[in-house]
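A.B. asks: Below, each chain spelled out in residue letters.
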Amino acid sequence: MAFDWREFHAFAERLLEFGSEAAYRSAISRAYYSLYNQAWERAVRNNCRFDPTVEAGLHKKCWGAYRKGPDPNCIKLGVDADRVRESRVRADYKSGEYLRLREEAIQIVKDVAVLADRLAALDPRYPLP
Amino acid sequence: MSAWGVASLDQEIPREIPPTEGGAFFQPQPVRNELPLGGCAQAAEEGNILYARDVLLQRLEQTYVFESRADVQAFLRVRPTSIALLVEASVHIDQAFGRGRIKTVRLVQDGSGITSVFGIVAWPESIETGREALARFDESWWLRNCNRSDGIVNFNIELV
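Chain order of the listed sequences is L and H.
Note that the working numbering has the first sequence beginning at 1, numbered continuously upward.
Note that the working numbering has the second sequence beginning at 130, numbered continuously upward.
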């Protein structure tokens with residue numbers, strides 16, 4: 001039975017309740033991966049080819065496939081999800097002070113739910129191979 | 130000689146006097162640049178491009194704060210189209226977010242190296258108004274330009 005990546009999102013929501021910096025940062029990260037893995041599987045199903053041996057940056061390539069469109073909803077989804085990626089990298093790797101972290105974590109977890117709905121509502125042809 | 134006592138042009142006056150080298154009418158032909166591509170001409174051309182890139186990079190640094198300055202410069206120097214895109218974005222950011230916002234250039238990596246560059250707008254107000262400004266920026270300019278520079282550039286807000 002394949003793992004349902006949406007469970008990462010449910011877990012991110014629970015993490016928010018802990019109220020610590022580690023929990024907020026982890027919530028951002030889990031929420032992002034919930035979205036990324038759903039988007040990745042969809043792109044692979046649509047025959048998008050991502051060769052991990054050719055060049056670094058599979059996440060960037062995944063969202064790049066969505067950004068290419070040509071459907072405007074697909075482009076917007078790619079741009080917005082790539083923004084969540086930037087926040088995830090910051091939450092996971094940057095030890096500097098994260099101002100307004102709680103606010104941002106709550107918003108990102110909400111955003112990811114909306115983005116996942118937008119992903120599911122996309123025309124099945126997208127992203128194009 | 131014609132009936133009018135004028136020399137026939139055809140017979141007596143040469144139509145064309147080819148100038149001889151050293152003669153009064155001699156005009157040297159311009160020297161054609163026969164240097165093969167990859168010679169001095171190409172070096173000059175590349176020099177101009179590098180100069181233009183550095184000027185653009187300076188202009189970018191007047192507009193944005195560079196996070197990890199040396200890394201940002203090294204990353205962007207080999208991606209001049211990204212520099213141009215970030216510079217061009219500045220005016221659209223001002224329109225969408227209001228003038229005087231602090232803008233930062235940030236490199237983003239996902240485990241296996243730096244993969245993209247973000248223009249980050251510092252946002253001291255509510256998250257809702259920040260999202261509205263970002264949506265204005267997207268609609269007015271960014272979504273039509275987001276695939277330039279191989280899609281390695283993006284923009285986001287940071288709550289401060």
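If you are wondering where the hints come from, they were derived from the structure by calculation, not from laboratory data.
Values in this document were obtained by computation on a predicted structure and should not be read as measured data.
No residue lacks a Cβ here, since even glycine has one placed at the ideal position from N, Cα and C.
Hints are not guaranteed to be accurate.
For lysine-lysine, the following DSSO-like pairs were computed, each having C-alpha atoms within a straight-line distance of at most 30 Å [claimed, not checked]:
#1 L:K68 / H:K232
#2 L:K110 / H:K232
#3 L:K68 / L:K110
#4 L:K94 / H:K232
#5 L:K94 / L:K110
Reference listing, derived: stretches of chain H covered by chain L, where coverage requires no fewer than 3 residues with Cβ under 8 Å from a Cβ of chain L [to be verified]:
#6 178 to 192
#7 226 to 239
A.B. asks: Taking the hints in turn, state whether each one holds.
C.D. replies: Taking the hints in turn, this is what the structure says about them:
1. The hinted pair formed by L:K68 and H:K232 meets the criterion: a straight-line CA distance of about 26 Å does not exceed 30 Å.
2. Between L:K110 and H:K232, the direct Cα distance comes to roughly 25 Å. Compliance with the 30 Å bound is thereby established for this hinted pair.
3. Annotation: proposed proximity of L:K68 to L:K110 holds, straight-line Cα distance about 25 Å (limit 30 Å).
4. A C-alpha spacing of about 18 Å is found between L:K94 and H:K232, which places the hinted pair at or below 30 Å, so the restraint holds.
5. Annotation: proposed proximity of L:K94 to L:K110 holds, straight-line Cα distance about 22 Å (limit 30 Å).
6. Look at the region 178 to 192 of chain H against chain L: 0 of its residues bring a Cβ nearer than 8 Å to a Cβ of that chain, fewer than three, so the hint is violated.
7. For a cut-off of 8 Å, the count of residues in the region 226 to 239 of chain H with a CB near a CB of chain L stands at 4, and the three-residue condition holds.
Violated hints amount to a single one, hint 6; each of the other numbered hints is respected by the structure.
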